[in-house]
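Trainee: Sequence:
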Amino acid sequence: MDGDIAPLTEICDLADKYNAIVFIDECHASGFFGPTGRGTEDSLGIKGRVDIINSTLGKALGGSMGGYTTGKLVLDLLMNDSSFIGSLKTNVQRFRSKMTELGFNVLGDITHPICPVLLGDARLASEMADALLKKGIYVIGFSYPVVPTGKARIRVQISAAHTSEHIDTAVSAFEEVGKKLGVI
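UniProt numbering puts the sequence shown at residues 1 to 184.
A couple of the hints might just be wrong.
No more than 20 Å apart at the CA atoms, straight line, and that leaves these computed lysine to any residue pairs for SDA-like [to be verified]: (1) 89 <-> 157; (2) 179 <-> 136; (3) 89 <-> 44; (4) 134 <-> 180; (5) 179 <-> 140; (6) 151 <-> 121; (7) 98 <-> 176; (8) 89 <-> 42; (9) 179 <-> 126; (10) 47 <-> 8; (11) 17 <-> 6; (12) 151 <-> 109; (13) 135 <-> 173; (14) 180 <-> 100; (15) 98 <-> 136; (16) 151 <-> 2; (17) 135 <-> 184; (18) 17 <-> 51; (19) 89 <-> 2; (20) 134 <-> 168; (21) 98 <-> 110; (22) 134 <-> 157.
Bear in mind the hints are in silico, worked out from the structure with no lab data behind them. Predicted, not measured: the structure shown is a model, and the values here were computed from it.
Work the whole structure out from these sequences, hints included.
Mentor: See below:
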C-alpha cells in the first residue's frame, strides 16, 4: 500500500534455507520495474530465484485491469522493448518531486509508480479524493482498516501512459485542493 519494495533477496535466501517457494505479486511492476522492465527480480538482480509470479498487467502499464492473456506483439514488447521504462521513471520522478516541492508527504520508494500521498485523517483523505475527482483526477483515498489508523492517504498510480501534461494537471489539482483543505 505504501509503494515499498520487499526485501526479496533476503526472502529468497530464507526460501533456499528452508526449502520453501517464493510467490510475488508484480501487479505494480510488470513491464516497467527494473532495468529491463521485468519486475522486482530484474530490479534486484535475482532473476530466476522466484518460483511463482502473479500480475495483472494493468497497473504500471496504464490500465485498470487485465491479465496474462495476450498476443505475441505484447509479449515481444515486454521481452524486447524497454523504451516505456524511461517514460515511467520520468513520470514518477516528475510527480514525486513536484508534489514534494509543494509540501506533500509522498511515501514509498522514490522510483515506485505507486505514490501514496499521506494525509493522516480518514475524512480528509475521502474529501480530497472526491474533490480531485471533480477536477478530473481519479485517485483513491485509503483509511483504516486498509491502512493503520492515522495513516490515511491518497494513492496515486503513475504510468508510462501519462504525459507530462497529465502529471502537471494532476499536481495542479492537488495543489488547489490541498490549499483549499488546508493540507499545504
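Trainee: Decide, hint by hint, whether the structure agrees.
Mentor: Verification of the supplied hints:
A threshold of 20 Å between alpha carbons decides the hint, and for residue 89 with residue 157 the separation of about 12 Å falls inside it, so the pair holds. For the hint linking residue 179 to residue 136, the alpha-carbon distance of about 17 Å falls within 20 Å, and the restraint holds. Straight-line distance between C-alpha atoms of residue 89 and residue 44 comes to about 16 Å, which keeps the hinted pair within the 20 Å bound. For the hint pairing residue 134 with residue 180, the CA-to-CA distance comes to about 14 Å; that is within 20 Å, so the pair holds.
A C-alpha spacing of about 19 Å is found between residue 179 and residue 140, which places the hinted pair at or below 20 Å, so the restraint holds. Distance restraint check for residue 151 and residue 121: the Cα-Cα separation of roughly 7 Å lies within the 20 Å cut-off, and the hinted pair is therefore satisfied. Taking the CA atoms of residue 98 and residue 176, the gap is about 13 Å. The hint holds against a cut of 20 Å. For the suggested pair residue 89 and residue 42, the alpha carbons sit about 15 Å apart, so the restraint of at most 20 Å is met.
Distance restraint check for residue 179 and residue 126: the Cα-Cα separation of roughly 16 Å lies within the 20 Å cut-off, and the hinted pair is therefore satisfied. Between residue 47 and residue 8, the direct Cα distance comes to roughly 11 Å. Compliance with the 20 Å bound is thereby established for this hinted pair. This hinted pair checks out: residue 17 and residue 6 have alpha carbons roughly 18 Å apart, not beyond 20 Å. The hinted pair formed by residue 151 and residue 109 meets the criterion: a straight-line CA distance of about 17 Å does not exceed 20 Å.
The hinted pair formed by residue 135 and residue 173 meets the criterion: a straight-line CA distance of about 7 Å does not exceed 20 Å. At most 20 Å may separate the alpha-carbon atoms for a hinted pair to count; residue 180 and residue 100 meet this at roughly 18 Å. The suggested pairing of residue 98 with residue 136 holds, with an alpha-carbon distance near 19 Å, which does not exceed 20 Å. Our distance criterion of 20 Å between C-alpha atoms is met by residue 151 and residue 2, whose separation comes to about 10 Å.
Restraint check for residue 135 and residue 184: satisfied, since their Cα atoms lie roughly 18 Å apart, inside the 20 Å limit. The suggested pairing of residue 17 with residue 51 holds, with an alpha-carbon distance near 15 Å, which does not exceed 20 Å. Between residue 89 and residue 2, the direct Cα distance comes to roughly 17 Å. Compliance with the 20 Å bound is thereby established for this hinted pair. A threshold of 20 Å between alpha carbons decides the hint, and for residue 134 with residue 168 the separation of about 17 Å falls inside it, so the pair holds.
Proposed proximity of residue 98 and residue 110 is supported: the alpha carbons are some 12 Å apart, at most 20 Å. Note on residue 134 and residue 157: the hinted pairing holds, with a Cα-Cα distance of about 18 Å set against a maximum of 20 Å.
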